[in-house]
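Sequences listed follow chains Z, H and B, in order.
Per our numbering, numbering through the first sequence is continuous, rising by one, with the last residue being 264.
Per our numbering, numbering through the second sequence is continuous, rising by one, with the last residue being 577.
Per our numbering, numbering through the third sequence is continuous, rising by one, with the last residue being 1071.
It cannot be assumed that every hint is accurate.
Only part of the chain B face toward chain Z is listed, based on derived beta-carbon distances under 10 Å [said to hold, decoys possible]:
(1) 702
(2) 704
(3) 718
(4) 723
(5) 728
(6) 801
(7) 852
(8) 855
Restricting the straight-line Cα-Cα distance to at most 30 Å, the calculated cross-link-like pairs of lysine-lysine (BS3-like) are [unchecked claim]:
(9) 48/Z with 726/B
(10) 385/H with 637/B
(11) 119/Z with 719/B
(12) 443/H with 509/H
(13) 75/Z with 726/B
Hints were generated in silico from the structure; no laboratory data involved.
A virtual CB, placed ideally from N, CA and C, is assigned to each residue, including glycine.
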Amino acid sequence: MLLNVTHCTNYKFTAPVHYALQQVKLTPATRFGQRVISWNVEINGGRKELSYIDEYNNKVDLLSITNNTSNISIKCSGEIETTDTNGIIGLHDELVPLVFFTRTTELTTPGSMIRNFSKVITRDNSLRSFYELSAAIIDAVKYKTDTTNVLTRAEDAAQSGSGVCQDHAHIMIAAARYAGFPARYVNGYLYIQDKKEQSASHAWAEIYLDAIGWVGFDVSNGISPNDLYIRVAVGLDAHDAAPIKGIRYGDQDESLLVSVIVEQ
Amino acid sequence: MLAKTANGLYWMSRYIERSENTARLLETGLRMALTRIEPSHDEWKSVVETAGVESAYIQMHEEYSAQNVIDFLLRDKSNPSSVMSAIDSARMNARLVRTAITRDVWESINESWLKLKDVLKRPVSDSQLPTILGIIRQQSALIRGSLHGTMLRNETYSFSRLGTFIERADNTARIIDVKYYVLLPSDSYIGSSLDNVQWESILRSVSAHRSYRWFYKADYIPTNIAEFLILNKSMPRSLAFCYDKLNENLNVIGRLHNDQNICQEHSCRILKMLDSHDATSIFTTGLHEFLTNFIDENINLGTKISEQYRFYQ
Amino acid sequence: MPLSLTEIMQNTKINNTDINSDQTKTQFDEMYGTTDSNRLPYDGYNEWFKQQDPKSLKKKSNEAETIFRRSGITFSVHGKNEPTERLIPFDIVPRIISSKEWVALSRGLEQRVTAINSFIHDIYHGQEIIRAGVIPEELIIKNQAYLSKMIGVNPPGDVYTHIAGIDIIRTSENEFFVLEDNVRTPSGVSYMLENRETMMQMFPELFASVRVRSVSDYPKNLCRSLNAVAPPGCQGAPTIAVLTPGIYNSAYFEHAFLADHMGVELVEGSDLRVVNGKIAMRTILGFQTIDILYRRLDDDYLDPLNFNPDSMLGVPGLMDVYKAGNITIANAPGTGIADDKAIYSYMPEIVEFYTGTRPLLNNVPTYRCSETDTLAFVLDNLSDLVVKEVHGSGGYGMLVGPAASKRELSEFSKKLVNKPENYIAQPTLALSTVPILVKSGLAPRHVDLRPFVLMSDKIEITPGGLTRVALKENSLVVNSSQGGGTKDTWVLNE
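The whole structure should be built from the sequences, with the hints applied where relevant.
Dropping the structure here:
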């Protein structure tokens, strides 16, 4: 499937900023299941200082904001060709050792709920057991916006009984790691036929199964990512994989406006 | 040079100058108290006023006793102008710029700090005061000597000099301003013993009572005193002398970027303004107005220096 | 012939109850050995010493203190109230190492540091050592000191441990052990240099009669060494700067000392910014690029954007600039994995794996409490052992069995049982002694040695290092934070 993406992020500061940095991971890479035909990151109000490929193979751009700027916008757009691989990404071929992805993080520290969820997981028929787990999570934690935020921990979201894609992915990851499976968090885009304009990008989990390799699970939608999905950046959790992470000097506040358009 | 280093040198010297100035004010106070016939706390009050720390003092003490004032100006950590606070801050800044100053300078500051910390451990009575002030004077001389004797004459030295003269100009201007009324021409009999004591104390506050006599070979006359402390370029604590030096050192730093900058322009303007006056014209404009304006302009120059040389960002 | 680690381990495991055998009980004095006449390396010194008046020596000793105090060579101690500055006591009797001893020691150090550097490169790249089954994967990959952001990063020249301080102890004429590898931000080198300066100032005639190898080239060598691993894009002469946490840091004196002697700027995080993809310092004339940052700040505080976000001391974006290849950081981030005490016990295997030769320097036998059998053994013999926290340093959080009270022992047992993987245990080796000057004359005190190893295009080791001495009689704790002092260390010129 040929997908066109336009993703705009706009920060407004209540007072001029004399120095700030933003670490941006918003560039998808060509890999099994997706081919980047074109991609462009356009920055207004800031300056690209450098870029590099990080340990997870994410492309990172470092932006600086200087000279009393009060507005910065980052516009990503491009064309990606996707194929349906049933959520399978393939064997681990990166430098980060697999066992690293069993490290637990603050956001994915398991509690009683997550330990309970992870009981479903079996070694023998692991793929099926993870589908069961995915179903169990969405059953217990309903999709509902504005009940959690970017700092909500997996266990707290599970206890509260509602959350968004980030929470679902976190719970899935925490349960998988608790059962000893490497798991990671994925940021990306999802094409929804009757909802081309979205207010945020999407996120899901990837779990490593012996013999199959990395497999994606979109708990919120109850499926494995197919050709409607574009994979952008990965990390241990939402914080690690964050599309934009920044640091700013001064006591301004910021407001954020995001618009995502994914169309065929 | 790192901007932080320039900032540290500047403040190191300001604090060294400040500790000396505070000590000198105490010396004046002591002198006045000793030459007084009737016991009164007025001279100690005037010392606090001249040091510009009245409001902080009132919060700590109810009356202007010798003991309280001495303690407040020598040892009180909550008073940033006390000798101990100033030498503490001077050393902190010296530590910050440790790599820019010579070992001699650092050691003299560190040694002064150790010494003063030791002698100021306990409250100082007015009978011990002369000895303590003697030690402070000696230590200042030691620091000054090592600065003059071992520092390369480049921008490092110049930034430290800027701090010295901005602080000194501020100090001298405030001393005159606090007492400006005793210098105003009045109809009453001039040269009363009270006036003489007041005038002498102004001169003493800036160590100028002897040099005044050398220079004018005459009794104290208010216009002469004002002229001496404001306009005389051979008097090392006068405003004109300070601005001569500020100008000179700003030029040394300015050579680094081959460009006349706002700091040089500003100090030039102040120097020209001083040059254009004589004592009479200052009294015509109004001594107090003249000094208030000068103090503001001096603060402005400090701000301009910190901006031009990126002290803070 | 020194025993290799495996041999010692085997011996100690066979003779479980025998860990305090003769090797640990008899005390070796470096001046006198076990006899009454002095050992050969001390000949020249003793000749001189005999002619000295004890009173004037005592006076010199006080003089030394004045020199140190005046120059502000202090370290800060953070106590209950405001931080105070303390002087590290200096003893005027030098510790003397013969040329032959030094050659052997420095070959061992070179081998060890080479292996450590290869190890760090390996675990952030292909992880051959894990594949080969030499070290358990979990111990490295799940270790908090293993910095995932370093995976795949290629530091200039593949150098990670630009400066290493390897703590060595001696137990007999021929036995040296490595007690600890310090490859994060080892400190103490300024004391090595100042101790020598002070000695030369006080006893010039001594240096005329005894030929001692100079240490004063260290700052120059450090500069040269760092310049040799400038980032690839660096044009012209590289700019070096020393990054300090600031004047309140306990080692600030050393940071300023080194910057001063290297002739480079001493910077704090607040002086630095990312400018044109590089790190630059704020000078009075604008921002100036830094090519090589000798940082004296721990990994966690280095970059609030990439590590601890609460760090006010670091430089945001430093890690990004590093990963983009635009700056050299010395030591490289993530080297802490190699001086983790849990990894320490594998060091002989690490040395052999990367150099293909048997280790020239022994490890102190080390018991990993994470292993069940070993834990039981450690608990049974707690009063004879030294137990250390795996991630601790500076002598904190450790138990010295022979010196501990019954209550301390039982409290520590509980800690061990609760978190065995957090601890390692070692026998209480009798560190060698060197005399110090006390009121009644000379008295033996335990010492260790921290030589400083520089690594870049070649390895350079300053002859000697920092000798730390426990000033209390019989004490084995040499840490300056716990009452230890220092001595000048002499390596004799053949």
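- Could you work out which earlier hints the structure fails to respect and list their numbers in ascending sequence? 6
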